[in-house]
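Colleague: Using the sequences provided together with the hints, build the complete structure.
Protein chains: 2
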Amino acid sequence: MSEYDAVIVGAGILGLATAYHIKRENPNDRILVIDKLNAAGQANTAKSACAFRCLFSSRTNYLLANSSIEFYRHVQKNLKVDLKLNFIGYLWLLCEREYEELNPVLKDVAQRGFSYKEYDKQELAEKLPIRTNLEEDEEAKIMGLENIYKGIFIPKAGIVDADCLVRFYEEEFLKMGGEIHYGVEAEKLMVEAREPLGIPGEPYFWQESRIAGVNTNKGMVKAKKTILAAGVWITKFLDELGIECYIKPKKRQIFPIEAKTPELERLLFVKSFSKEGCMPFTILPKFRILIRPFPTEHTFWIGYADDFPRAYKLEENPQPEKNFYEYGIYQILVKYFPQFKDRRPTAPWAGQYAINTLDGQPVIFEEN
Amino acid sequence: MSEYDAVIVGAGILGLATAYHIKRENPNDRILVIDKLNAAGQANTAKSACAFRCLFSSRTNYLLANSSIEFYRHVQKNLKVDLKLNFIGYLWLLCEREYEELNPVLKDVAQRGFSYKEYDKQELAEKLPIRTNLEEDEEAKIMGLENIYKGIFIPKAGIVDADCLVRFYEEEFLKMGGEIHYGVEAEKLMVEAREPLGIPGEPYFWQESRIAGVNTNKGMVKAKKTILAAGVWITKFLDELGIECYIKPKKRQIFPIEAKTPELERLLFVKSFSKEGCMPFTILPKFRILIRPFPTEHTFWIGYADDFPRAYKLEENPQPEKNFYEYGIYQILVKYFPQFKDRRPTAPWAGQYAINTLDGQPVIFEEN
Chain A
1 MSEYDAVIVG AGILGLATAY HIKRENPNDR ILVIDKLNAA GQANTAKSAC
51 AFRCLFSSRT NYLLANSSIE FYRHVQKNLK VDLKLNFIGY LWLLCEREYE
101 ELNPVLKDVA QRGFSYKEYD KQELAEKLPI RTNLEEDEEA KIMGLENIYK
151 GIFIPKAGIV DADCLVRFYE EEFLKMGGEI HYGVEAEKLM VEAREPLGIP
201 GEPYFWQESR IAGVNTNKGM VKAKKTILAA GVWITKFLDE LGIECYIKPK
251 KRQIFPIEAK TPELERLLFV KSFSKEGCMP FTILPKFRIL IRPFPTEHTF
301 WIGYADDFPR AYKLEENPQP EKNFYEYGIY QILVKYFPQF KDRRPTAPWA
351 GQYAINTLDG QPVIFEEN
Chain B
1 MSEYDAVIVG AGILGLATAY HIKRENPNDR ILVIDKLNAA GQANTAKSAC
51 AFRCLFSSRT NYLLANSSIE FYRHVQKNLK VDLKLNFIGY LWLLCEREYE
101 ELNPVLKDVA QRGFSYKEYD KQELAEKLPI RTNLEEDEEA KIMGLENIYK
151 GIFIPKAGIV DADCLVRFYE EEFLKMGGEI HYGVEAEKLM VEAREPLGIP
201 GEPYFWQESR IAGVNTNKGM VKAKKTILAA GVWITKFLDE LGIECYIKPK
251 KRQIFPIEAK TPELERLLFV KSFSKEGCMP FTILPKFRIL IRPFPTEHTF
301 WIGYADDFPR AYKLEENPQP EKNFYEYGIY QILVKYFPQF KDRRPTAPWA
351 GQYAINTLDG QPVIFEEN
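Protein chains in written order, with my numbering: chain A, 1 to 368; chain B, 1 to 368.
One thing to keep in mind: the hints can contain errors.
The list cannot tell twin chains apart, which means a pair is met if one copy fits it or any two copies do.
[Claimed, not checked] For lysine to aspartate or glutamate, the following DMTMM-like pairs were computed, each having C-alpha atoms within a straight-line distance of at most 25 Å: (1) Lys236 to Glu316; (2) Lys141 to Glu208; (3) Lys322 to Glu202; (4) Lys47 to Glu240; (5) Lys222 to Glu326; (6) Lys322 to Glu192; (7) Lys218 to Glu126; (8) Lys313 to Glu187; (9) Lys286 to Glu136; (10) Lys141 to Glu195; (11) Lys286 to Glu192; (12) Lys127 to Asp5; (13) Lys335 to Glu100.
Hints were generated in silico from the structure; no laboratory data involved.
Modeller: Below, the structure written as structure tokens:
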């Protein structure tokens, strides 16, 4: 059993990006990626909404997202690898309360050189078009929906093709001499005492010990560093060692709607936000339903991530629920965008989202 | 199906104490306690180390512990219910680093009127006796054990009989007209929309909803308030609703050692700490092995709660492990207390401990 410099559990987008960057910085290191599936990016990466943005309230997440975007741009522009990168921007539609809450964050990130545009409700109604005032709507009142007060548009944001990105990282990592073993399932992290004494059941709590690699269904992999990039499955590995990572899985369902009517066509190819001539990735107020335009497919993806009272549940292969669209998402969507009235989704799918429960961020939490 | 004012899941010490105090404050309320087992305090309450102390670094935990102790004293002294309350005190044995860390906490709690005594290592060696200096010991060095620098003695602390306490709460609660249903297993919390609309699968995320009681293996229990006092099992209920409670289970094993030699007898009935004439509940440095004297049984309970690399694992009926004492606890214990050399535990047992992972406290965490 030879020892790697690093083993990375998970060949999703985060695992492969990590592998690529470590290998690039340390060309002589032996880096191994393992994944239980038979190809890259087949688990939740394949089920993501494939959008990116640089607005995060925490500094770490902002820096991480911003440098990732710069890197994607570099790959597409300088390395001539088509990631289907599309800077359509992000549009947060906010009710008054949300705007008051977000305002200090925006002021703060603006000082770091972050640029955004603010639209009032009249501008939004003209640009999109959208219904911003639901006051006369009895149903909307029962549902607790709120008027749209402002829109915040972030130009440095957009959509990408997760599969293109995954393939780029995989190919480059392999070219540099990185190793990937597919069909290898990590079962448990290996822990060993720094100074083994040969006593039964070691390491004991009084022994200084370290994570020494991974036990897999194909044998042990020893490594100097073990990196978990297994998304929602990370908790499973860490709970086994009594390490808390504050990660919980959220199910996210995505429902594609084809832009088959002139009204939806017009909404999809709205000209007034970016030079891409496409509707931005849009977040509705309060419940944060997302609308991810897919201009090349003439489709919108409508998505939502679980919230109370839906379970934190680790599912191997989560499935979309028809009623979740029909009585959940749809009811809210048509109040703001009546263009979607009576449109039914085609081929929906579901994935999982690893959120940390300390600040609700999907990426990295920051402790005070 | 009638509705209770409150349903409490779990008839352990926390569930019954909660039931008792709510009922006392609200004599006309219908309060129900349910428990999957057939009597009170049979799960982890029965497996606790049955000690109490009022030293906690957080203000909430301090107030909670302190008022509990006052209440126990009142029950034993004024209500003449024998809880086998014994103010033998708590003795924290600290290495230099731990003392430096604890010192500001002690200064802080002292300002709230909390009293404690500080002993230096010479005093400790004479009073107990204990080995405070392990510098010449090669094995101790390999194990990373540290010299004892100071001892902090807390008089307002000691031991109690958990079963007596549980029976007191149970009897008084029943006398006031409280209800307890044993052999009823809570399966899931019930959630309902505040304004049900009769749509399939409600409540949806956009509906304002509330926890409306508990589904059990014997049917539904509706209640205005639902209180989880299920210890390590709480997470299971909350995960199902997407609520994070930051609780993880830790296994704790307890190994009783009989005080059969004159040296152990002398240690157990040490006179110099409290008027009880008994060794205090003692915590060893660094790894925090606990020694809980049981003077009426002429026994010490030696205990330890899991730490890295032992799993966070929810066990229905955890069992003690022989090697955990032999190669884990014992090795450290005899370095400080050679009196325990070659003594073997009789009838060990294991339980679980619900710790919150934010500040490691067993009771309540405080957010900044």
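Colleague: Which holds for Lys236 with Glu316 at a C-alpha limit of 25 Å: within a copy, between copies, both or neither?
Modeller: both (13 Å within a copy, 19 Å between copies)
Colleague: Which holds for Lys286 with Glu192 at a C-alpha limit of 25 Å: within a copy, between copies, both or neither?
Modeller: between (48 Å within a copy, 20 Å between copies)
Colleague: Classify it for me, Lys335 with Glu100: is the Cα-Cα distance of at most 25 Å met within a copy, between copies, both or neither?
Modeller: Within one copy only: 23 Å inside, 61 Å across.
Colleague: Using 25 Å as the alpha carbon limit, work out where Lys127 and Asp5 are close: within a copy, between copies, both or neither.
Modeller: neither (53 Å within a copy, 52 Å between copies)
Colleague: For Lys313 vs Glu187, is the C-alpha pair at or below 25 Å within one copy, between two copies, both, or neither?
Modeller: both (19 Å within a copy, 16 Å between copies)
Colleague: Give the relationship of Lys47 and Glu240 under a CA distance limit of 25 Å: within one copy only, between copies only, both, or neither.
Modeller: Classified as between: cross-chain Cα gap 23 Å, same-chain 27 Å, threshold 25 Å.
Colleague: Between copies, within a copy, both or neither: which fits Lys141 and Glu208 at Cα up to 25 Å?
Modeller: between (60 Å within a copy, 12 Å between copies)
Colleague: Taking 25 Å as the upper bound on the Cα-Cα distance, should Lys218 and Glu126 be classified as within, between, both, or neither?
Modeller: Intra 59 Å, inter 58 Å, cutoff 25 Å: neither.
Colleague: Can you tell me if Lys222 and Glu326 fall within 25 Å by alpha carbon in one copy, between copies, both or neither?
Modeller: Close neither inside one copy (49 Å) nor across copies (29 Å); limit 25 Å.
Colleague: Treating 25 Å as the Cα threshold, decide for Lys322 and Glu192: within, between, both or neither.
Modeller: Intra 48 Å, inter 20 Å, cutoff 25 Å: inter-copy only.
Colleague: Could you figure out if Lys286 and Glu136 sit no more than 25 Å apart (CA to CA) within one copy, between two copies, both or neither?
Modeller: within (19 Å within a copy, 65 Å between copies)
Colleague: Using 25 Å as the alpha carbon limit, work out where Lys141 and Glu195 are close: within a copy, between copies, both or neither.
Modeller: between (66 Å within a copy, 12 Å between copies)
Figure legend: structure checked against the earlier numbered hints; hints not met, in rising order: 5, 7, 12.
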